[in-house]
Every structure is written in structure tokens, then in C-alpha cells.
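There are 2 protein chains.
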Amino acid sequence: MTQQIRDVVEQYVKLVGSGPTEDIVQLYAPDATVEDPIGTEPRRGHDAIREFYEVIANLDRETELRPDSVRIAGKHAAFMFTLVTKFGDQRFSLAPIDVMEFDDSGKIVRMRAYWSQEDMSSAPD
Amino acid sequence: MTQQIRDVVEQYVKLVGSGPTEDIVQLYAPDATVEDPIGTEPRRGHDAIREFYEVIANLDRETELRPDSVRIAGKHAAFMFTLVTKFGDQRFSLAPIDVMEFDDSGKIVRMRAYWSQEDMSSAPD
Numbered sequence: 001m002t003q004q005i006r007d008v009v010e011q012y013v014k015l016v017g018s019g020p021t022e023d024i025v026q027l028y029a030p031d032a033t034v035e036d037p038i039g040t041e042p043r044r045g046h047d048a049i050r051e052f053y054e055v056i057a058n059l060d061r062e063t064e065l066r067p068d069s070v071r072i073a074g075k076h077a078a079f080m081f082t083l084v085t086k087f088g089d090q091r092f093s094l095a096p097i098d099v100m101e102f103d104d105s106g107k108i109v110r111m112r113a114y115w116s117q118e119d120m121s122s123a124p125d
Numbered sequence: 001m002t003q004q005i006r007d008v009v010e011q012y013v014k015l016v017g018s019g020p021t022e023d024i025v026q027l028y029a030p031d032a033t034v035e036d037p038i039g040t041e042p043r044r045g046h047d048a049i050r051e052f053y054e055v056i057a058n059l060d061r062e063t064e065l066r067p068d069s070v071r072i073a074g075k076h077a078a079f080m081f082t083l084v085t086k087f088g089d090q091r092f093s094l095a096p097i098d099v100m101e102f103d104d105s106g107k108i109v110r111m112r113a114y115w116s117q118e119d120m121s122s123a124p125d
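Just so you know, the protein sequences line up as chains A and B, in that order. According to full-length UniProt numbering, the first sequence is numbered sequentially starting from 1. According to full-length UniProt numbering, the second sequence is numbered sequentially starting from 1.
Bound-form chain A, shown alone (with noise of 0.2 Å):
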């Protein structure tokens, strides 16, 4: 199961960096919640996880999973990346570390990002 798991989270680092959504959302179990950033209202199941990551959909981003960050206990991930974003002539950086937690096929059904504004930065590109 470990090396399925690993392979979600690079799939997924990947996907969020280029896309398209709906293969975002395939790595989510139905009746998945992600929880983004850790303490807001968890969004729950495909609908509401599409309209997540819709957001970033027509965003020019590039993602890295942090290497060597990959930690895989069982049935649970913990990982960090970085998503950067380009407006304009800016870059903004955001690099969280996520949980995530996989059911027996391994679709995640459970995501929680660790990060505040204090782990957002900008600079010129």
C-alpha cells in the first residue's frame, strides 16, 4: 500500500501544479472532505471538492513535492510542497505541509493543509 500511496501524492503534487481538475478529483474517494486550511469548514465530496480546486484551474502554477518529505504511516501521508503562482510580472509562493489519509483502494478520503499567510511569500518573476 505504500508505494500506491506515494504514488497519489505525486500524482496529485502534479495535478494541482497543471491540472485538469476533474483528475484532481478522481484521487478523491465520493464522499472525500478536504480541509484546506486546517480549521475552516471541510469541504465534502466531489462537487464541492471540484469547486476547490476550480479556483486555481486557469491560474499559471507550477508545483514541487519538497523532496525527501514524504512520510507514509499505513493508511496516512504527510508531505510538503510548493505551489507558486505567476500574475503578471509577480510569483506567489505557497508551501504547506498536507495530511492526507487513503482508503483501502487508496483514493484519499481525507485531506487537511497545514498553513497560515505566514507561509505565502511574493516576489518579482
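You may find that some hints are simply not true.
Every beta carbon over 10 Å from chain B, so not counted as near; a handful from chain A, in silico [to be verified]:
(1) Asp31
(2) Arg43
(3) Ala57
(4) Leu59
(5) Glu62
(6) Leu83
(7) Thr85
(8) Pro96
(9) Ile97
(10) Gly106
(11) Glu118
Quick list of in silico lysine to any residue cross-link-like pairs, SDA-like style, CA-CA up to 25 Å [as the list claims (entries may be wrong)]:
(12) Lys107(A) x Glu41(B)
(13) Lys75(B) x Ser69(A)
(14) Lys75(B) x Lys14(A)
(15) Lys14(A) x Lys107(A)
(16) Lys75(B) x Asp119(A)
I should point out that these hints are in silico values taken from the structure, not numbers from a laboratory. Cβ coordinates follow ideal geometry from the N, Cα and C atoms, glycine included.
Let chain A serve as the given structure and place chain B on it in line with the hints.
For chain B alone, kept in the frame of chain A given last:
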């Protein structure tokens, strides 16, 4: 609250590296749970938590909080650190991602640690 949580995280990692055990226990609320690694039966309350940390109390060890890994969102924190334990002429490293939830007074109410055998390594001292 963010700075208070950051202080507790730094103190926690430092104390795991040096003790005393009782100071670690006092970072937790009386009814807190520790799930380390995640997926195992949580230990609940100060007595169970003390028993858990007592295991490393007499080992020759040190810890390092991974720079720039601390993520804080509301009453939640996630971070990476390394625990190095020395046995004879061998050093054993364990590098988990820990997540914590805090109460209003800044005590840890829940800790879950993400790691597996794959995140352990050994080397000559």
C-alpha cells in the same frame, strides 16, 4: 496564539532531545492523546504519555527541528524534525512529520506522528 504555538513546538523538539520527561508531559493537556506513529492505538492522558516518552529518557540522543518546516494554522501545527539516538558506535535517525492540535491555553491536546521504518536510518557514529 501563533507565536505561543511556535514556542511550544520548539520547546517540544528540544525536550524530546534532552528531557526531562516530566517537562514534555507538561506541554500536554491532562486529557491529551498521542498517536505515534499515526494508525496505532492513541495513548490518552498524562500517565500514558509519560510512559511513552520514558522509553527514550535514558538514551543518548539529540533532536533538530527542520528549519522552515513549521506550519501553523489557527490551533494546529505541523513540523518535521530529526531524532538521533546513539547506541554504542551506531547512530539511529528518525525523521517524522508531527502534527499537533492545541487548546486555548496553548497545551497540546492531540499529537499524531507520520513516520514508518522507511524514515529510519542508521550509520556509524
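Status of the hints after comparison with the structure:
Distance to chain B confirms Asp31(A) as a non-interface residue, since its nearest Cβ pair spans about 20 Å, more than 10 Å. The Cβ of Arg43(A) sits about 16 Å from the closest Cβ of chain B, beyond the 10 Å cut-off, so the non-interface label holds. No Cβ of chain B comes within 10 Å of the Cβ of Ala57(A); the nearest lies about 24 Å off, and the non-interface call holds. Non-interface call for Leu59(A) relative to chain B: holds, since the shortest CB-CB distance, roughly 22 Å, exceeds 10 Å.
Glu62(A), annotated as away from the interface, keeps every beta carbon of chain B farther than 10 Å; the closest lies near 20 Å. No beta-carbon of chain B is positioned within 10 Å of the beta-carbon of Leu83(A); the least distance is around 14 Å. With a cut of 10 Å on Cβ distances, Thr85(A) stays outside the contact zone with chain B, its closest approach being about 18 Å. At roughly 6 Å, the least C-beta separation between Pro96(A) and chain B is not larger than 10 Å, which violates its mark as non-interface.
Remark: the non-interface label on Ile97(A) conflicts with the geometry, its nearest Cβ contact in chain B lying 4 Å away (cut-off 10 Å). Chain B leaves Gly106(A) outside its interface by the beta-carbon criterion, the shortest separation being 16 Å against a cut-off of 10 Å. At the 10 Å boundary, the C-beta of Glu118(A) falls inside the reach of chain B, the nearest C-beta of that chain being 7 Å off. Distance check on the hinted pair: Lys107(A) and Glu41(B) sit about 23 Å apart at the alpha-carbon level, within 25 Å; holds.
For the proposed pair Lys75(B) and Ser69(A), the alpha carbon gap of about 23 Å is at most 25 Å, so the pair holds. For the suggested pair Lys75(B) and Lys14(A), the alpha carbons sit about 29 Å apart, so the restraint of at most 25 Å is broken. At roughly 16 Å between alpha-carbon atoms, Lys14(A) and Lys107(A) fall within 25 Å of each other, so this suggested pair holds. For the given pair, Lys75(B) sits about 16 Å from Asp119(A) by alpha-carbon distance, which is consistent with the 25 Å threshold.
Violated hints, in rising order: 8, 9, 11, 14; the structure is consistent with all others.
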